[in-house]
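Asker: Between the sequences and the hints, there should be enough to build the whole structure, so can you do that?
Here is how the chains run, residue by residue.
2 protein chains.
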Amino acid sequence: MIQPEQLSAMAQRAQTDPIADIFNAVMPRQAADPSFISLAAGPPQNQLLPNDLLPELVAAAQATDKRQGLLNYTMPQGLPPLRAGFAAMLNKQGVACSPEAMLITSGGMEAISLAAQLTLNPGDTVLVESPAFPGAIATFKQCGAQVVHLACDKDGLKPDVLEKAIAEHKPKLVSLMVDYQNPAGWVMPAERREQIAGILKATGTLAIEDGVYSLLRFEGEPVPPLQSYAPEHVMYAASVSKILAPAMRIGCLVAPGALLQKAAAIKSSYNMQASGFTQALTERFLNPDALYLDKQLARLRETYKKRRDSMMDALQEHLPAGAGYVWTSPAGGMFLWLEGPADTDFTRLFKPALDNGVAYVPGPMFFADPSLGKTAARLNFASTPEEDIPEGIRRLALTLTGRR
Amino acid sequence: MIQPEQLSAMAQRAQTDPIADIFNAVMPRQAADPSFISLAAGPPQNQLLPNDLLPELVAAAQATDKRQGLLNYTMPQGLPPLRAGFAAMLNKQGVACSPEAMLITSGGMEAISLAAQLTLNPGDTVLVESPAFPGAIATFKQCGAQVVHLACDKDGLKPDVLEKAIAEHKPKLVSLMVDYQNPAGWVMPAERREQIAGILKATGTLAIEDGVYSLLRFEGEPVPPLQSYAPEHVMYAASVSKILAPAMRIGCLVAPGALLQKAAAIKSSYNMQASGFTQALTERFLNPDALYLDKQLARLRETYKKRRDSMMDALQEHLPAGAGYVWTSPAGGMFLWLEGPADTDFTRLFKPALDNGVAYVPGPMFFADPSLGKTAARLNFASTPEEDIPEGIRRLALTLTGRR
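So the protein sequences, as listed, match chains A and B. Each residue of the first sequence is one higher than the one before, counting from 11 in my numbering. Each residue of the second sequence is one higher than the one before, counting from 11 in my numbering.
Source of the hints: derived by calculation from the structure; they are not laboratory data. Think of the CB as a built atom: it goes at the ideal place given N, C-alpha and C, for glycine as much as any other residue. You may find that some hints are simply not true.
Stated by the list, open to error - Pair by pair, the computed Cβ-Cβ distance ranges are:
#: 1; chain 1: B; residue 1: A69; chain 2: A; residue 2: P38; range: 30 to 40 Å
#: 2; chain 1: B; residue 1: P91; chain 2: A; residue 2: R309; range: 26 to 36 Å
#: 3; chain 1: A; residue 1: V171; chain 2: B; residue 2: T213; range: 26 to 36 Å
#: 4; chain 1: B; residue 1: D299; chain 2: A; residue 2: N131; range: 42 to 52 Å
#: 5; chain 1: A; residue 1: D165; chain 2: B; residue 2: M11; range: 23 to 33 Å
#: 6; chain 1: A; residue 1: L301; chain 2: B; residue 2: P65; range: 18 to 28 Å
Claimed, not checked - Over the 10 Å line for every Cβ pair with chain B, so calculated as not near, a few chain A residues:
#: 7; residue: M11
#: 8; residue: G79
#: 9; residue: S108
#: 10; residue: T135
#: 11; residue: A161
#: 12; residue: A274
#: 13; residue: G286
#: 14; residue: K315
#: 15; residue: S381
Answerer: Structure representation (structure tokens):
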């Protein structure tokens, strides 16, 4: 028998991902009923992943592997040509970075977790949005940090709120997603990014910007990343999970030199390095000559826009007018945020929704304190075929209005 | 400018891998001189990795992927068929485990690091062998633990030494490699394993057994793992890095249920999961019907034995008789341990050795306190073609005796 005192303080804090409970509840429903519609998904739809490209990418990676080192260890910081590919892609988005000031990580989550481990001691405060990405909340809590949610509006985190919170909490880290935020779907306007960057600089506060959805824009003009306004204060997490394939487990962390060196040391003693093989495949995929990335992005943007439109129309049609429902209208990404009137309880309605053949993620999953967010839910519009979305929303509306 | 107080205590402790300095010194020599012989390598030789198998494994993984989910996220604990494959392989080696009590990790190092994070708070003590695997030392130090080296003989860690050290230090963890230890090359006899397991059980002490070299046996009979004598006290780390390819970044941690659940939570909030794609390739590779593993193991064992023999003969021939040199004669694995007379300083001789066209890893790299181990060096016999080994040892002997 393991005694509690044999566990480290961190292990005692570590909690199984609460979203896993959602998926464990949804999976048997989907297996039993092919007409079940899940709007709870986090992952992209299998059919939208470039499965057909795989043999080609493998062959190309083998062909460029003159030293037969494709299957061996590689440089802990990451393959130089992949870092060059990431840097070129991120520079185009406005991220201030070079292949040298970048660490290849085993997915975007690892980059966020490294930002946390770089900065957070037990008892430190980290500021996050309301609502916030559950993976980030979990890793901050595991570090023993106090997670403080800040008020947001339709443009994301509010500068005056941030300023006050920094003065009050002296946070070690601010965590932000300013493009098509998961779960809220908002985009922060350029002017606000500049204001927030100014506050970070003036107060000497470090932030981590999660840019994993940034390229999934299907409307409007791209906005420069927050990081571009304060590269010495904002670390940047990128990933190919949403644009190539989650199973590559390839992302990167951009950070000022002193932080990056420490991040590399932490990662190296945690798992040595990201896979040199999936790094090489990713390098081939990002290579601009091959147009793989361009084609895949065009496909995803077109598909996701159609599905977003389908969900907007269905929400308009099925949710009772004047009953107080509001939802975000994302210009990119995969998720929207639905808020009901004050007496709505999406947690309580989860099981009735399953019985009605539809699933979503209840709002409390996106808060460190699960008593918050009950009136809201995250809906994934990107991973369900557009022809199924209206029926999914119809079932959701039936659940919300108590009819079947 | 990042201020030191902006870094977490863990980040302040994190240190770049000192072995990286060795490789950074060796690489330009190898690039400049094709006749340079490095006996310093950790990785397997590129030419011994199953590069040719790759397209076949990818095609097989795609063919079994009915749901087109190969490139998507998978279960955080790891693909069930891969866990079944690992369990079958490990059961054959005597490891007490089931597919359910196993976490797929991103390489064997991650399994060791998880064992550390599960148990170690800053200030806690971890007991290790003399010498010990530098990756483990680094991850223990990063956790803030006190790393205490215990005396070993040609059969590994001595039970009476362990017993005394447990009484004195009340360690949270004992770290052991009992098969073809890296760097010493020893194998612990079954009787001693049983004694050590008895001590762990009697004192309620947890251990992590690193089994990554266990299948690379080319001589003698296999010995049951330490874990098999005390499965409730010994966690077990396995990996396919040494039998398939490091770039898969696939390993596994076997641990009692309560620990395993916490390990899964820690890994999940660190990097979500190991790559589902390289998990599927590994699953195909381990599948007993295909005989891939059997063939690759036969090839490695035959090659490594020849190279071990070549190095034994060369050491016998070139090191001056009666001068006090001793070395281990490994029955498996990749490394041997060479000890010189009391005035030998392998750290000081490293540069002269490079100038003589040969490299090794100096002994201090395998101790938490780098003032230890100066009279010793790790030699890799497995990753150099057997025809080059005698010349490498001749150059090493010239360096040691001060001639050129």
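Asker: Each hint: holds or not?
Answerer: Hint by hint, here is what the structure shows:
1. A69/B with P38/A: 30 to 40 Å: holds (32 Å)
2. P91/B with R309/A: 26 to 36 Å: holds (30 Å)
3. V171/A with T213/B: 26 to 36 Å: violated (53 Å)
4. D299/B with N131/A: 42 to 52 Å: holds (51 Å)
5. D165/A with M11/B: 23 to 33 Å: holds (31 Å)
6. L301/A with P65/B: 18 to 28 Å: holds (23 Å)
7. M11: Non-interface label on M11/A violated, nearest chain B Cβ at 8 Å vs cutoff 10 Å.
8. G79: violated (5 Å)
9. S108: S108/A clear of chain B: closest Cβ-Cβ about 18 Å, beyond 10 Å.
10. T135: Holds, since 13 Å exceeds 10 Å.
11. A161: holds (25 Å)
12. A274: With a cut-off of 10 Å, A274/A comes too close to chain B, as the shortest Cβ separation is near 7 Å.
13. G286: violated (4 Å)
14. K315: holds (21 Å)
15. S381: holds (22 Å)
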